[in-house]
Structures are given as C-alpha cells and as structure tokens.
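Using mature numbering (1 follows the signal peptide of the UniProt record, and there is no 0), the letters of the sequence shown map in sequence onto residues -23 to -1, 1 to 63.
In short, the hints are calculated from the structure, not lab data. Among the hints, erroneous ones may be present.
To be verified - Subject to a maximum C-alpha distance of 30 Å in a straight line, what follows is the list of computed BS3-like cross-link-like pairs (lysine-lysine):
hint	residue 1	residue 2
1	Lys46	Lys17
2	Lys28	Lys46
3	Lys39	Lys50
4	Lys39	Lys57
5	Lys50	Lys31
6	Lys61	Lys50
7	Lys35	Lys46
8	Lys57	Lys46
9	Lys46	Lys61
10	Lys60	Lys50
11	Lys46	Lys24
12	Lys17	Lys28
13	Lys31	Lys17
14	Lys50	Lys35
15	Lys39	Lys24
16	Lys31	Lys46
17	Lys24	Lys35
18	Lys35	Lys53
19	Lys28	Lys39
20	Lys39	Lys53
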Amino acid sequence: MKKLFVASVIALSALLTLSAVHAEGDVADGVRHDVREVDKGVDHDAKEIDKGIKHDDKEIDKGAEHLDKERHKEDKHLDKEAKKHL
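Throw the hints in and build the complete structure from the sequences for me.
Here it is in structure tokens:
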C-alpha cells in the first residue's frame, strides 16, 4: 500500500510538472504572439503616418501653386492698372 501511495505521489508530481511546463510554453507562445501583433500595429501605424505626410506634402504643394497663380494674376492686374495711369 505504501508503494502504491509513493507511486501515486510521484505520478502526480510528474503530471503537475508536465502541466507547469506546458503552461509556461503556452505563456511564451502567447507573449511571442502579442509581440508580433504589436510589431504589426507599429508597422501599420508607420505606414499610415507616411501616407499622411505624403498627402500633406501634396496639399502644401497644391496650396503653394495656387498662391503663385493668384500672385501672378494680381501682378498682371497691377501692371494693367499702372499702364492705365501712365
């Protein structure tokens, strides 16, 4: 009977150890998965920021071109007015 009890305790200890090792492996897998997901999120955010910067640059260029055209129109208008008064 004593041998059966000792064998049962050893088997239970082995089972608990195996369960703990398995749980540690699951935790490590979960951590690696979370790290990959965070990396994906960071990469996605960086791409979105780059898109936004490119878009803003285009809008700034459009605005600068528009201002140049308006200045040119104004210069032409001023030239016409000046010629009228000469």
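Hints, one by one, checked against the model:
1. With a C-alpha separation of about 44 Å, the suggested pair Lys46 and Lys17 falls outside the 30 Å cut-off, and the hint is violated.
2. For a cut-off of 30 Å, the pair hint linking Lys28 to Lys46 stands: about 27 Å separates their Cα positions.
3. Proposed proximity of Lys39 and Lys50 is supported: the alpha carbons are some 17 Å apart, at most 30 Å.
4. Proximity of Lys39 to Lys57 is assessed by CA-CA distance (about 27 Å); at most 30 Å being required, the pair is judged to hold.
5. Between Lys50 and Lys31, the direct Cα distance comes to roughly 29 Å. Compliance with the 30 Å bound is thereby established for this hinted pair.
6. For the suggested pair Lys61 and Lys50, the alpha carbons sit about 17 Å apart, so the restraint of at most 30 Å is met.
7. With a C-alpha separation of about 17 Å, the suggested pairing of Lys35 with Lys46 holds against the 30 Å cut-off.
8. Between Lys57 and Lys46 the alpha-carbon distance is near 17 Å, which keeps this suggested pair within the 30 Å criterion.
9. About 23 Å separates the Cα atoms of Lys46 and Lys61, which keeps this hinted pair within 30 Å; it holds.
10. Among the hinted pairs, Lys60 with Lys50 is consistent with the structure: their alpha-carbon atoms are about 15 Å apart, no more than 30 Å.
11. Annotation: proposed proximity of Lys46 to Lys24 is violated, straight-line Cα distance about 33 Å (limit 30 Å).
12. For the proposed pair Lys17 and Lys28, the alpha carbon gap of about 17 Å is at most 30 Å, so the pair holds.
13. Of the supplied pair hints, the one linking Lys31 and Lys17 holds, its CA atoms being roughly 21 Å apart against a limit of 30 Å.
14. With a C-alpha separation of about 23 Å, the suggested pairing of Lys50 with Lys35 holds against the 30 Å cut-off.
15. In summary, the hint linking Lys39 to Lys24 is supported, as the alpha carbons are separated by about 23 Å, within the 30 Å threshold.
16. Using a Cα cut-off of 30 Å, the hinted pair Lys31 and Lys46 holds, with the two alpha carbons roughly 23 Å apart.
17. Straight-line distance between C-alpha atoms of Lys24 and Lys35 comes to about 17 Å, which keeps the hinted pair within the 30 Å bound.
18. Proposed proximity of Lys35 and Lys53 is supported: the alpha carbons are some 27 Å apart, at most 30 Å.
19. Only pairs whose Cα atoms come within 30 Å are accepted, and Lys28 paired with Lys39 is accepted, the gap being roughly 17 Å.
20. Simply put, Lys39 and Lys53 have alpha-carbon atoms about 21 Å apart, close enough for the 30 Å limit, and the pair holds.
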